[in-house]
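Undergrad: Residue numbering for the first sequence follows my numbering, starting at -3 and increasing by one per position.
Think of the hints as simulated: they come from the structure by calculation, not from any bench.
All of these numbers come straight from a predicted model, not from anything done at the bench.
The C-beta atom is built at its ideal place from N, Cα and C for all residues, glycine as well.
Be aware that one or more of the hints could be misleading.
[Unchecked claim] List of simulated lysine-lysine pairs, DSSO-like, C-alpha gap at most 30 angstroms:
#1 Lys423 with Lys391
#2 Lys136 with Lys423
#3 Lys312 with Lys136
#4 Lys182 with Lys136
#5 Lys182 with Lys135
#6 Lys391 with Lys182
#7 Lys135 with Lys391
#8 Lys135 with Lys312
[Claimed, not checked] Label pairs and their in silico Cβ distance ranges:
#9 Leu582 with Thr209: 36 to 42 angstroms
#10 Asn269 with Glu302: 58 to 64 angstroms
#11 Ser497 with Leu204: 47 to 53 angstroms
#12 Pro301 with Pro162: 22 to 28 angstroms
#13 Arg49 with Ser176: 28 to 34 angstroms
#14 Ala422 with Tyr239: 40 to 46 angstroms
#15 Ala496 with Pro421: 55 to 61 angstroms
#16 Asp548 with Ser176: 49 to 55 angstroms
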Amino acid sequence: MSDTRSDLNERQREAARFGDTALRIVAGPGTGKTTTLTARVEFLLDQGVAPERILLLTFTRRAARDILGRVRALRSSAHVQRVAGGTFHSVAHHALRRHHATLGLDEGFGVVDQGDAADLVDLVRADLSLVSGNRRLPKKNTLTALYSRTVNSGVPLRDVMAEHTPWCADHHEQIGTLFSAYVARKRTLGLLDFDDLLLFWRAAVEDLTVGATLAGSYDHVLVDEFQDVNRLQLDILVGLRRYDPRITIVGDDAQAIYSFRGASPRFLLDAPNYFENLTTITLDVNYRSSGAILAVANSLAADAPEGFCAVLREDKPVLGANAPQLVHCADEREQSERVSDRVLELYEQGVALQRQAVLFRAAHHSADLEIELSRRRIPFVKYGGLRYLEAAHVKDLLAAFRLADNPRDEVAWFRVLQLLPGVGPAKARRIIDTFRDDARTLPLQFADVQQAWPDSLALLPVDVRQIASQLIDAMAPRVHEAPMTHAQRIRDALAPFILASYEDAPARLEDLGALVLACSDTTRLSDVAAEHVLEMPISTGDFAGPPLVDEDWLVLSTVHSAKGLEFDAVHIIHAADGNFPADMALGSPEGLEEERRLFYVAVTRARRNLSVYVPLRYHHHRVRDDHSWAQPSRFLSPAVRTAFEESTARSRKAVSGDLHDLAPLEGPELVEGRLSKLW
DNA sequence: TAATGGGGGTTTTTT
DNA sequence: ACCCCCATTA
């Protein structure tokens, strides 16, 4: 067992061994933030603090896994496994399950993800008949994002819309009506969305009795990535520490990338206003990246109008580092080829695939690369974008789990009923109506659904009635039945529908089997459903078929999902204006600056090798042969470029006549001609 | 009357 | 690639 503390520098050690007042650690990328946080937990345990009285809050699930994993690796004893922690949302969920009664929540409350929340918004919109009269009302996803931003920032809707959705700002009253109806509907249905988890946690923390219990549950609260907390999360933290000063916050305002969730680095900078007697320790020695990579990061930072020059000092030369590469490619296809070439080249040099990452601004940016990687049988895992739990079959089973505990969950009924052949939105609605009582309310007990079921059957096509009845029967809870047995019954009843609806049914049924096993140590199926919505397992389906090497895979990730991680080699793709920075973010100067910080985050993930790829031509898929020219990312300023070695990819097609091209290209000469004007 | 398939417009980032 | 709307069909 290695003693982490011996590896710490002086200031890291000071932070780790800090006493019993409020502490702020301002830590640039690669300065050993996680190591210090881990060492601090170890120190607290050594001081005799009980592990379950330490709360370690992180922002993303991956960070939670990373830090808690390192903490739990410190000691082999089961004792240490009890350190409390996770994302804000998952910790909130646990608190709400425990204190549901005081907060007026039903025991079997359901947790809906963003997609379900958007569906519910649409459902409410239809009920208010706001659907056809106002065709300029935003789409469900836009509305849900707007709702979330408003709630998380605590800013009035009118002001949020004036700033972020000015094109429909005149609808703010209508949308306000829609939102309050949405809130009411969630309560009626016994559902919480992600924002509700935080809202109710804050309510709990501010409650006189429960709040004291919650605040008293922890001796130490540690918060990672504090630059990305929003008003709501700050309120929770302040409430949790009302009677106790012992909080440690860690962050870097140069890496604030979540303003779309209402986060603001102000909360980190103004932390002394929220936590009394706050001590600040700054970590600025970078142990991660080579000097050449730090030069890129620092010149990026220097280009910012406000200049976020956290000068990063290299502790000692990083061995095996290469000059950062700026690679100009003719188009996306060539970019995919060059990235694949470079990944394999580094792999040959001994850099395992897991030590390499391809980073991009938006999830769909990796689409073409994924095709190329699959073609070359290079295994990869993608983070961000399409997720396992967003796969329809998983959501189907989770919806059935939610119904077993809470038959009022109209969103779940909509999903499950539409699995039946011949049932679409309208018929699903009519079936749900048969469940309602005189007050048009859905029943609290599943037995009432079963009682109404004979009437519902009449609405179904004759040939699906039997399997539909079996499904209803399977969802109904039985007394003294183990949750896993119940889950297995539901899965079995759902299987015929999965088989009928999906081509790759066997693989999907295996996923569902894993979900059933996850019910082995729970008391409630709705709890498991909520955990899965919050924890986002990664699909094995993301692997490209027969792997080149077992248990090694290239990491594909959005920059947001890669926050806090490091890799020997980082490949940043689509460094073209409009993609990175995203044109969606260019409406305001703040938007552009956040994109700049995002690029900075991407660059500072790299230890030894950094390659940035700029495709120059984008094909429009609608019209064959139609294309447009892209400018290199504005972040690649002349000053930044001096930190790179530049090269132009030679078209492989021109050299070898490679045959897997999708559309005929113009001669490479034209591309080269265009390129040459750029430098 | 309601499901389903085709065509056209739009697409950020995460819990 | 996805979502939304509309026309067609059962």
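Undergrad: Take the hints in turn and mark each one as holding or not.
TA: Going down the list of hints, with the structure as the test:
no., hint, verdict
1, Lys423 with Lys391, "holds, 20 angstroms"
2, Lys136 with Lys423, "holds, 22 angstroms"
3, Lys312 with Lys136, "violated, 52 angstroms"
4, Lys182 with Lys136, "holds, 16 angstroms"
5, Lys182 with Lys135, "holds, 19 angstroms"
6, Lys391 with Lys182, "holds, 18 angstroms"
7, Lys135 with Lys391, "holds, 22 angstroms"
8, Lys135 with Lys312, "violated, 52 angstroms"
9, Leu582 with Thr209: 36 to 42 angstroms, "violated, 47 angstroms"
10, Asn269 with Glu302: 58 to 64 angstroms, "violated, 21 angstroms"
11, Ser497 with Leu204: 47 to 53 angstroms, "holds, 50 angstroms"
12, Pro301 with Pro162: 22 to 28 angstroms, "holds, 23 angstroms"
13, Arg49 with Ser176: 28 to 34 angstroms, "violated, 39 angstroms"
14, Ala422 with Tyr239: 40 to 46 angstroms, "violated, 55 angstroms"
15, Ala496 with Pro421: 55 to 61 angstroms, "violated, 19 angstroms"
16, Asp548 with Ser176: 49 to 55 angstroms, "holds, 51 angstroms"
Hint violations for this structure: numbers 3, 8, 9, 10, 13, 14 and 15, all remaining hints satisfied.
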